[in-house]
Amino acid sequence: MDYENFVKSAEEINNLHNVNYLETKDLNDFNWKAAYYICKEIYDKQQINKDGYVVIGLSGGRTPIDVYKNMCLIKDIKIDKSKLIFFIIDERYKSDDHKFSNYNNIKFLFHNLNINEKEQLYKPDTTKSIVDCILDYNDKIKIMIEKYKKVDIAILGMGSDFHIASLFPNIFYNIYMNNYQNNYIYNEKTLDFINNDQDNDNLKYLKEYVYFTTTNQFDVRKRITVSLNLLANVSSKIFLLNSKDKLDLWKNMLIKSYIEVNYNLYPATYLIDTSCTNENVNINNNNNNNNKNKNNYCYSNTTVISCGYENYTKSIEEIYDSKYALSLYSNSLNKEELLTIIIFGCSGDLAKKKIYPALFKLFCNNSLPKDLLIIGFARTVQDFDTFFDKIVIYLKRCLLCYEDWSISKKKDLLNGFKNRCRYFVGNYSSSESFENFNKYLTTIEEEEAKKKYYATCYKMNGSDYNISNNVAEDNISIDDENKTNEYFQMCTPKNCPDNVFSSNYNFPYVINRMLYLALPPHIFVSTLKNYKKNCLNSKGTDKILLEKPFGNDLDSFKMLSKQILENFNEQQIYRIDHYLGKDMVSGLLKLKFTNTFLLSLMNRHFIKCIKITLKETKGVYGRGQYFDPYGIIRDVMQNHMLQLLTLITMEDPIDLNDESVKNEKIKILKSIPSIKLEDTIIGQYEKAENFKEDENNDDESKKNHSYHDDPHIDKNSITPTFCTCILYINSINWYGVPIIFKSGKGLNKDICEIRIQFHNIMGSSDENMNNNEFVIILQPVEAIYLKMMIKKTGCEEMEEVQLNLTVNEKNKKINVPEAYETLLLECFKGHKKKFISDEELYESWRIFTPLLKELQEKQVKPLKYSFGSSGPKEVFGLVKKYYNYGKNYTHRPEFVRKSSFYEDDLLDIN
Numbered sequence: 001m002d003y004e005n006f007v008k009s010a011e012e013i014n015n016l017h018n019v020n021y022l023e024t025k026d027l028n029d030f031n032w033k034a035a036y037y038i039c040k041e042i043y044d045k046q047q048i049n050k051d052g053y054v055v056i057g058l059s060g061g062r063t064p065i066d067v068y069k070n071m072c073l074i075k076d077i078k079i080d081k082s083k084l085i086f087f088i089i090d091e092r093y094k095s096d097d098h099k100f101s102n103y104n105n106i107k108f109l110f111h112n113l114n115i116n117e118k119e120q121l122y123k124p125d126t127t128k129s130i131v132d133c134i135l136d137y138n139d140k141i142k143i144m145i146e147k148y149k150k151v152d153i154a155i156l157g158m159g160s161d162f163h164i165a166s167l168f169p170n171i172f173y174n175i176y177m178n179n180y181q182n183n184y185i186y187n188e189k190t191l192d193f194i195n196n197d198q199d200n201d202n203l204k205y206l207k208e209y210v211y212f213t214t215t216n217q218f219d220v221r222k223r224i225t226v227s228l229n230l231l232a233n234v235s236s237k238i239f240l241l242n243s244k245d246k247l248d249l250w251k252n253m254l255i256k257s258y259i260e261v262n263y264n265l266y267p268a269t270y271l272i273d274t275s276c277t278n279e280n281v282n283i284n285n286n287n288n289n290n291n292k293n294k295n296n297y298c299y300s301n302t303t304v305i306s307c308g309y310e311n312y313t314k315s316i317e318e319i320y321d322s323k324y325a326l327s328l329y330s331n332s333l334n335k336e337e338l339l340t341i342i343i344f345g346c347s348g349d350l351a352k353k354k355i356y357p358a359l360f361k362l363f364c365n366n367s368l369p370k371d372l373l374i375i376g377f378a379r380t381v382q383d384f385d386t387f388f389d390k391i392v393i394y395l396k397r398c399l400l401c402y403e404d405w406s407i408s409k410k411k412d413l414l415n416g417f418k419n420r421c422r423y424f425v426g427n428y429s430s431s432e433s434f435e436n437f438n439k440y441l442t443t444i445e446e447e448e449a450k451k452k453y454y455a456t457c458y459k460m461n462g463s464d465y466n467i468s469n470n471v472a473e474d475n476i477s478i479d480d481e482n483k484t485n486e487y488f489q490m491c492t493p494k495n496c497p498d499n500v501f502s503s504n505y506n507f508p509y510v511i512n513r514m515l516y517l518a519l520p521p522h523i524f525v526s527t528l529k530n531y532k533k534n535c536l537n538s539k540g541t542d543k544i545l546l547e548k549p550f551g552n553d554l555d556s557f558k559m560l561s562k563q564i565l566e567n568f569n570e571q572q573i574y575r576i577d578h579y580l581g582k583d584m585v586s587g588l589l590k591l592k593f594t595n596t597f598l599l600s601l602m603n604r605h606f607i608k609c610i611k612i613t614l615k616e617t618k619g620v621y622g623r624g625q626y627f628d629p630y631g632i633i634r635d636v637m638q639n640h641m642l643q644l645l646t647l648i649t650m651e652d653p654i655d656l657n658d659e660s661v662k663n664e665k666i667k668i669l670k671s672i673p674s675i676k677l678e679d680t681i682i683g684q685y686e687k688a689e690n691f692k693e694d695e696n697n698d699d700e701s702k703k704n705h706s707y708h709d710d711p712h713i714d715k716n717s718i719t720p721t722f723c724t725c726i727l728y729i730n731s732i733n734w735y736g737v738p739i740i741f742k743s744g745k746g747l748n749k750d751i752c753e754i755r756i757q758f759h760n761i762m763g764s765s766d767e768n769m770n771n772n773e774f775v776i777i778l779q780p781v782e783a784i785y786l787k788m789m790i791k792k793t794g795c796e797e798m799e800e801v802q803l804n805l806t807v808n809e810k811n812k813k814i815n816v817p818e819a820y821e822t823l824l825l826e827c828f829k830g831h832k833k834k835f836i837s838d839e840e841l842y843e844s845w846r847i848f849t850p851l852l853k854e855l856q857e858k859q860v861k862p863l864k865y866s867f868g869s870s871g872p873k874e875v876f877g878l879v880k881k882y883y884n885y886g887k888n889y890t891h892r893p894e895f896v897r898k899s900s901f902y903e904d905d906l907l908d909i910n
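At position 500 of the sequence shown the residue is numbered 500 (this note's numbering), and the sequence of numbers has no breaks.
FYI, nobody ran anything at the bench for these hints, they're computed from the structure.
Hints are all accurate, no fakes.
DEER-style ranges, computed between Cβ atoms:
(1) Asn415 / Ile790: 54 to 60 angstroms
(2) Ile407 / Ile523: 39 to 45 angstroms
(3) Asp714 / Asp161: 52 to 58 angstroms
(4) Lys792 / His831: 46 to 52 angstroms
(5) Ile523 / Asn112: 54 to 60 angstroms
(6) Ser430 / Lys853: 34 to 40 angstroms
(7) Gly587 / Glu432: 46 to 52 angstroms
(8) Asp412 / Asp139: 55 to 61 angstroms
(9) His759 / Asp2: 51 to 57 angstroms
(10) Ile145 / Leu803: 52 to 58 angstroms
(11) Gln47 / Leu73: 18 to 24 angstroms
Straight-line Cα separation of at most 30 angstroms, DSBU-like style, residue types lysine-lysine; simulated pairs:
(12) Lys829 / Lys533
(13) Lys558 / Lys858
(14) Lys853 / Lys873
(15) Lys418 / Lys829
(16) Lys676 / Lys881
(17) Lys69 / Lys123
(18) Lys78 / Lys147
(19) Lys149 / Lys81
(20) Lys118 / Lys94
(21) Lys83 / Lys207
Quantities reported herein were computed from a predicted structural model and do not represent experimental measurements.
Just so it is clear, CB atoms sit at the ideal spot from N, CA and C, and this is done for glycine as well.
Please build the complete structure, drawing on both the sequences and the hints.
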């Protein structure tokens, strides 16, 4: 891109309510246009400012780095670099050469622009104590402002919790506690009050230029940041939003700010509200009156440069058009929308045993919006009460974890949840079924919207009476004729839109939907096509949750993915691997990246091998129809086990947001070559000769049987129920380290564990020296321990001991969410870190497909092993090449937290 092309594109800038929006086509276009826009701003400021000096605040992070790189390459905008003054907007409290240091990540800019850092750069001195660092930087910024009179430009981003710079919600409370109450950095008198949620005037008390803030969301907790008031007075504020996630966040912020203005929670809105000035700057540097901008009554000094959506400005404009209606709605949790959850395949076991109980617990914990509908869609002809009676037993089990709640409260919760549920009979491949479903769906959603409207108008008339979806008020219905008439009487023209009673009135009410396809993959496409054709949501977003398997090899996956993405975009798709929702799995990233000894040792120089084991005592009896077409490799290795591997071997992401974590996982997957048959052993269980049956066991799959005993399995089937294979990661950190995958059905115990075995000390003469191991157990209990060698008391011999790192003793009473609770809540919030991307699945199938094809083409017969054994005997020899068994005893922590199993036979539908 050159300057001439940039000027042409700049003509398309739209101004909406004090914000300029510059849309870009793709990431490359974004990086160049953003670079040119900033350089043009600098050039214009140098022409306006009498002395030619321009003061620029820089943010760090990944987003602006490529923009800064392009700024170094721009030659067709002549800038006097000797008169550029830079300062760091926010910094992590780390040394200047630390990889997380913002200065360290952007110092190339100063080098390429020939900036004299001593004279032209103001930055925190992180070699000082945190208190001295804050005070010193505050003095520097004060001197800078006194010298140059103002700040001209600030480059900003926005985090997933709406923070800008290092101003984390709640801003006032965070700053007050860290700078006045606890650390006494500033010796002003104690402020009169702390109100971090509702009163925005408290921010005016924070008059310093620089503050110390803290966060628990990122690896570096301590931060140095300039104040919100300083940023509000910057002449030109430029937000770089280069993904759909960030644009959705910005849009969500605008919606929420119209419901309740709150600068403490949404600091960017403070900058918007202070952004309209009388300064009139034309980006084209001419007086062309053919300006396409709207609301040209003033120049906006806040600009959003966006990438990810076409016609993004139009969607923002629609928000402003609905401002009046949006301002009517608010609740204590700031969840303003009606959330409709549609469960396709609701009569199947997955829905009954996992999805509905997870939703019920989220409902009990008040984690979902108060305005909630849960609609089940299935082929089984039955009325709603019959359907609900089938799931209520699983809902009641959820209440066992709420020991302190009264029976009456539990009953109210069950009734409240039931009142939110509906049941619809339809066919997944029938367009007519979905036409009828759309009529049904829109009708009940409009009823909920009207209920909200009437309740709001009633309250606006001065009544304290509240109609909502709270449990205690579920007996109130809009269908009550007397109550309806009362609402209409209260809805005067003064309080409601003129056409609120019109049957054609389009309620400006945000309706978001989550579609859960608890269905086999071959029904995905027809269901999504029919929904898109007949039921597509026009009042909000549609999020699609899909269950594995996603194909059975690379080609079938590519075909399925193509068909899905023809109907909905990748941003809307949430592919579930329930292991990513487990609490211990969620903690793997934090465990690795927040413990120095692990972070520094996790590489080929210290690690001998990694062994990931997933064993089940159950066979496949009773679910052979599901298992036989797939086998153990497709069932758990290609998905669950690979995901675990990526989490423990990935490089440290720049932050823990969705995109950063996904990118690092993909790097690992791309580094794994296809698995070779010679590095693989497959097995199939047969009936054991000597097997002690559990007399109390009623589960046929746990009783002694052969794989072929299942009536749905062909007697000649060679589908493996066991597999051990060796993988490698061809990266600098992991080159040559063997990764051992071991998994099977009908084995001697239930366990999912990760064993990270360290090299022995080089030159050690003790033959009995066993390797150190770091062990993470994920199920059936959760535990972490370290196997070490110490000297025996009273002699010179060494012995192996375990250092128990499990913290369950402290947390044993904590109600830990099940995997499906976590995943459903993350989907509702729009977080994708715990879901699998299309690219991850592509790479995982690339790794395993050649092995699967070779097994099929050569008709490799699996080795036999007895039901209830540890697997084929030949496996020991393969694993021993890479892994030192030593005293591989079973860890039994005193305090354990049970981890639930996932049953693959849950995907039956009715």
